[in-house]
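Peer 1: Quick mapping for you: the protein sequence lines, in order, are chains Z and R.
Counting from 1, position 294 in the first sequence corresponds to residue 293 in numbering that gives the first Met the number 0; the numbering is continuous, with no gaps.
Counting from 1, position 132 in the second sequence corresponds to residue 131 in numbering that gives the first Met the number 0; the numbering is continuous, with no gaps.
Below, computed lysine to any residue pairings styled on SDA-like, alpha-carbon distance capped at 20 Å:
no.: 1; chain 1: R; residue 1: Lys-123; chain 2: Z; residue 2: Arg-12
no.: 2; chain 1: R; residue 1: Lys-123; chain 2: Z; residue 2: Leu-4
no.: 3; chain 1: Z; residue 1: Lys-400; chain 2: R; residue 2: Gly-20
no.: 4; chain 1: Z; residue 1: Lys-16; chain 2: R; residue 2: Pro-147
no.: 5; chain 1: Z; residue 1: Lys-400; chain 2: R; residue 2: Met-82
no.: 6; chain 1: R; residue 1: Lys-125; chain 2: Z; residue 2: Leu-3
no.: 7; chain 1: R; residue 1: Lys-119; chain 2: Z; residue 2: His-7
no.: 8; chain 1: R; residue 1: Lys-123; chain 2: Z; residue 2: Ser-14
no.: 9; chain 1: Z; residue 1: Lys-16; chain 2: R; residue 2: Tyr-144
Here are a few chain Z residues that face chain R, going by a calculated C-beta distance under 8 Å:
no.: 10; residue: Ile-5
no.: 11; residue: Thr-6
no.: 12; residue: Ser-14
no.: 13; residue: Ala-17
no.: 14; residue: Glu-315
no.: 15; residue: Ile-318
no.: 16; residue: Ala-321
no.: 17; residue: Leu-322
no.: 18; residue: Gly-323
no.: 19; residue: Ala-324
no.: 20; residue: Ser-325
no.: 21; residue: Asn-326
no.: 22; residue: Pro-402
no.: 23; residue: Ile-403
no.: 24; residue: Leu-406
Pair ranges (Cβ atoms, derived):
no.: 25; chain 1: R; residue 1: Gly-83; chain 2: Z; residue 2: Val-299; range: 30 to 36 Å
no.: 26; chain 1: R; residue 1: Gly-22; chain 2: Z; residue 2: Lys-16; range: 47 to 53 Å
no.: 27; chain 1: R; residue 1: Gly-178; chain 2: Z; residue 2: Lys-16; range: 32 to 38 Å
no.: 28; chain 1: Z; residue 1: Lys-16; chain 2: R; residue 2: Glu-69; range: 46 to 52 Å
no.: 29; chain 1: Z; residue 1: Val-388; chain 2: R; residue 2: Ile-21; range: 33 to 39 Å
no.: 30; chain 1: R; residue 1: Lys-225; chain 2: Z; residue 2: Val-299; range: 48 to 54 Å
Hints in this document: simulated from the structure, not taken from any laboratory.
Note that CB positions come from ideal geometry on N, CA and C, so glycine has one too.
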Amino acid sequence: MRFLLITHIQNARQSLKASRMRSTLTMIGVTIGVASITTILALSGGASKVVGDQINSLGGNIAVVRPGNVSDPLSGIAQVQAERSFSTSTLTETDVSSIRSIAHVKAVAPIMIMSGVIKGDTTAPSTSQVVATTPELSSISNLQIDTGGFLDPDASNQQTVVIGQQLSLNIFGSESSLGKTVTIRGLPFTVNGVLKYIGQPINYNGVDFDNAAIINLSYGKILNQGAAQIQQIDLQADSVANLSRSIINVNQALLTNHQDEADFSVLSGSQIAEPTSQLFDAIAGVSAAVAAISLLVGGVGIMNIMLVTVAERTREIGIRKALGASNGDITWQFLIESLAISLGGGAVGYLIGYAIAFLAGTTVLTFYPILNWQVAAVAFGVSVGIGVVFGIYPAIRASKKDPIDSLRQYN
Amino acid sequence: MTKINTASPVIELKDLKKRFGIGDAEHFALDGVDLTIQKGEFIAIMGPSGCGKTTLLNILGLLDRSTEGEYLLDSKDVSTISMGKQARIRSRQIGFIFQSFNLISRLSVIDNVALPLAYKGVSKTKRLILASNILETFHLNEREYYMPHQLSGGQMQRVAIARALVNEPSIILADEPTGNLDSKSSHIIMEELSDLHKRGNTIIMVTHNPRLTTYASRVITMLDGKIDTDTLEVLEELDPFAKKPLGKTTNAKKSTKTPRKKSASKATKPRKKKK
Numbered sequence: 000m001r002f003l004l005i006t007h008i009q010n011a012r013q014s015l016k017a018s019r020m021r022s023t024l025t026m027i028g029v030t031i032g033v034a035s036i037t038t039i040l041a042l043s044g045g046a047s048k049v050v051g052d053q054i055n056s057l058g059g060n061i062a063v064v065r066p067g068n069v070s071d072p073l074s075g076i077a078q079v080q081a082e083r084s085f086s087t088s089t090l091t092e093t094d095v096s097s098i099r100s101i102a103h104v105k106a107v108a109p110i111m112i113m114s115g116v117i118k119g120d121t122t123a124p125s126t127s128q129v130v131a132t133t134p135e136l137s138s139i140s141n142l143q144i145d146t147g148g149f150l151d152p153d154a155s156n157q158q159t160v161v162i163g164q165q166l167s168l169n170i171f172g173s174e175s176s177l178g179k180t181v182t183i184r185g186l187p188f189t190v191n192g193v194l195k196y197i198g199q200p201i202n203y204n205g206v207d208f209d210n211a212a213i214i215n216l217s218y219g220k221i222l223n224q225g226a227a228q229i230q231q232i233d234l235q236a237d238s239v240a241n242l243s244r245s246i247i248n249v250n251q252a253l254l255t256n257h258q259d260e261a262d263f264s265v266l267s268g269s270q271i272a273e274p275t276s277q278l279f280d281a282i283a284g285v286s287a288a289v290a291a292i293s294l295l296v297g298g299v300g301i302m303n304i305m306l307v308t309v310a311e312r313t314r315e316i317g318i319r320k321a322l323g324a325s326n327g328d329i330t331w332q333f334l335i336e337s338l339a340i341s342l343g344g345g346a347v348g349y350l351i352g353y354a355i356a357f358l359a360g361t362t363v364l365t366f367y368p369i370l371n372w373q374v375a376a377v378a379f380g381v382s383v384g385i386g387v388v389f390g391i392y393p394a395i396r397a398s399k400k401d402p403i404d405s406l407r408q409y410n
Numbered sequence: 000m001t002k003i004n005t006a007s008p009v010i011e012l013k014d015l016k017k018r019f020g021i022g023d024a025e026h027f028a029l030d031g032v033d034l035t036i037q038k039g040e041f042i043a044i045m046g047p048s049g050c051g052k053t054t055l056l057n058i059l060g061l062l063d064r065s066t067e068g069e070y071l072l073d074s075k076d077v078s079t080i081s082m083g084k085q086a087r088i089r090s091r092q093i094g095f096i097f098q099s100f101n102l103i104s105r106l107s108v109i110d111n112v113a114l115p116l117a118y119k120g121v122s123k124t125k126r127l128i129l130a131s132n133i134l135e136t137f138h139l140n141e142r143e144y145y146m147p148h149q150l151s152g153g154q155m156q157r158v159a160i161a162r163a164l165v166n167e168p169s170i171i172l173a174d175e176p177t178g179n180l181d182s183k184s185s186h187i188i189m190e191e192l193s194d195l196h197k198r199g200n201t202i203i204m205v206t207h208n209p210r211l212t213t214y215a216s217r218v219i220t221m222l223d224g225k226i227d228t229d230t231l232e233v234l235e236e237l238d239p240f241a242k243k244p245l246g247k248t249t250n251a252k253k254s255t256k257t258p259r260k261k262s263a264s265k266a267t268k269p270r271k272k273k274k
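Start from the sequences and build out the full structure, keeping to the hints where you can.
Peer 2: Okay, structure coming up:
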């Protein structure tokens, strides 16, 4: 049987070589499907890894509170930021102060992301974000100041703003914009500091700080007609050992605030590391649809071509049976051939998928796709699955052929 | 006669029937065939077209099943043998030679010959060695990597015979092996078969050509799905090798011995020319 398997593989290679054009065309469907899957997985893995690395580099004592119950990882992926900005958050300022009063919580920073026109010498691109928060954010998220200072804790009522380096370049044409005036939603703010370049548009805060204007929460409320819209609360425990106890306490405090309704989630460690980029979600959604359709079409293509192959080789099947091939031998021969098509397509797709992922990573996105065995295993598994599911029927049909009728068929 | 009957027969058919079609179209291709074949016989089956020769051969070769009757192969009823075991028997015990050669056109000569070994579970290197060896005995070792369409009819049939023999089967079934060949090639092929017969193989050959029966040790003629005549019943000889076939016995005997080497050399000569 072992030798026979090798023979079948050699045989499949030979017959695919003989009809190279046909085999290649059949492979394309699987190639596109597997390439899409590989791209999605590699990029989502890369995005998660970026966020995970950020959290690890921050010391592992960070937890975040997000509205809605995202304990289920699948719904966590579904809960994209785009939805969040349109729905009312369940987190309030009361929650922030409750968390602040819990023991072992070193720092708390609410994140209130707003849209709005940011104007300096010129108007900022619409992708720029306005973030209203507290001065503690700089220590929690390790935001480094290039010039000036972060929001002044002693002067939270000052109309000051801290802007990212890219934003500074966009609206003032220079990195040194200290003391200049930025108009946000018509309200003037004085630039108190410029952040160092970070280059992490994907992070657990969902804010590209290079392109953001950070203001005090109190002014965020003013810009938002007096209401605080807190999308996320970051908190930092005083040590890694105390983080889990703090999380329990935060949960209890918030449950009390929310009348025992668990409409929030306290996340730590890898739970935070969800892909949070809208662009990424768009790519993933489109790619998943393309992958599913092209895999289905590719599979049907394989089945089609295998049925043709079986019909073409009816006589050969008869000869092989006369020479001692059992039904199982014939089934394996054709199944391995369809597997060779799907695996060949899958292998090419895997490579193309990574090529696309790296291309996207270096141009559009700012992170690299992840390289791990899981992506390879999924690509392999999908290819084998397609090959078997769509190859088994033609193979069984081949093996069921009557040797006499097969031999009689004109070649 | 007694000598033959004491050994257990290789093949025993009892009232074998094969029906095709149903109702009005019902037709018995085999209509009660009783036949006992001993080890080492060279049987030529003759008869007009449609008399059931090929059907009989297919049933003997386990490619087809009879509708009624018993077929004992090595004293075992084949209807009780599973499909997988039947494939094993085809692989190890039976060698098929067809009129149209039935070489797989996309495989080279040596791959064609090595194919039955694959189903027997022989490793690739060993397969190629065995195939090469047997091709040498058929003076085809220079053509090992030719494709079938690059060979002449006689060469193709010799490749087919080599393929049928590579597993060293005890029974060789030949369905008009010379039907597509000219008389010279036919002669070479028949020499090969009669050589195999001398080495103790059982050969059952279907043919239209009465001349070829001179090579056989026993000639059966069929008519309308039944056995019409059988030389075994006519001849009283004990030793199957000394048995006189129908026709010009003495001439045939001579021709099997003397021109053997000649024909072999003839076969090799035109090959060199082609090169």
